[in-house]
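Just so we're aligned, residue 4 is where the sequence shown starts under our numbering, counting upward by one.
Hints in this document: simulated from the structure, not taken from any laboratory.
For clarity, every value in this text was computed on a predicted model and none was experimentally measured.
Built from N, CA and C at the ideal position, the CB exists for glycine as well.
It is possible that some hints are incorrect.
Label-pair restraints from in silico Cβ distances [claimed, not checked]: (1) A85 <-> R126: 37 to 47 Å; (2) T52 <-> A85: 12 to 22 Å; (3) A108 <-> P12: 20 to 30 Å.
Taking lysine-lysine pairs in the PhoX-like style, the calculated list, with each CA pair at most 20 Å apart, reads [unchecked claim]: (4) K95 <-> K55; (5) K95 <-> K56; (6) K95 <-> K136; (7) K95 <-> K140.
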Amino acid sequence: MTSYCDIAPGHPFHGPYHDREYGFPVRDDDRLFERLVLEINQAGLSWLTILKKREAFTAAFEGFEIAQVAAYDDAARARLLADAGIIRNRLKVDAAIENARRVQALQASHGSFGAWLDAHHPRPHGEWVKLFKAHFKFTGGEICREFLLSTGYLEGAHRPDCPVYAEILEQEPPWLRASTR
Numbered sequence: 004m005t006s007y008c009d010i011a012p013g014h015p016f017h018g019p020y021h022d023r024e025y026g027f028p029v030r031d032d033d034r035l036f037e038r039l040v041l042e043i044n045q046a047g048l049s050w051l052t053i054l055k056k057r058e059a060f061t062a063a064f065e066g067f068e069i070a071q072v073a074a075y076d077d078a079a080r081a082r083l084l085a086d087a088g089i090i091r092n093r094l095k096v097d098a099a100i101e102n103a104r105r106v107q108a109l110q111a112s113h114g115s116f117g118a119w120l121d122a123h124h125p126r127p128h129g130e131w132v133k134l135f136k137a138h139f140k141f142t143g144g145e146i147c148r149e150f151l152l153s154t155g156y157l158e159g160a161h162r163p164d165c166p167v168y169a170e171i172l173e174q175e176p177p178w179l180r181a182s183t184r
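All chains, please: the whole structure from these sequences, using the hints.
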């Protein structure tokens, strides 16, 4: 079975993402929100499409600053739906805006999005999916799985023989902390 560790290295888009981001622990709330928005937008599309449009997403969503996105009104929503640089899917755009507001509620109740994730970690994938569906819009099993893999909450982003795996271990991702308790 071919893995991301086989196909990503050396690729102009997948390579840098694989080598420097995928599976590394993410602590910054805006970066966590970015990853959630990108994973939602990937649904039904290739990850390469999202990586190619990432700069446009970052510009369109003002750096994925949660407070900015949460304040979007109908005019901002219309601007996003007219932006050919991103995925112009009404459900995905609406989910990004609403999820920014929901992340703000988690920040108010837990101090940060990361703290909310930590408060629920570890748990089996199925329970994560139920939790995400209860708290966010447009989050199914695959979106939840990839979000958790990509941010270091689930093991399996890299094979143990991948050179990046050792770098991730040095940063003590949440899945590692959970397995050594």
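Which numbered conditions among the earlier hints are violated in the structure presented, ordered from lowest to highest? 3
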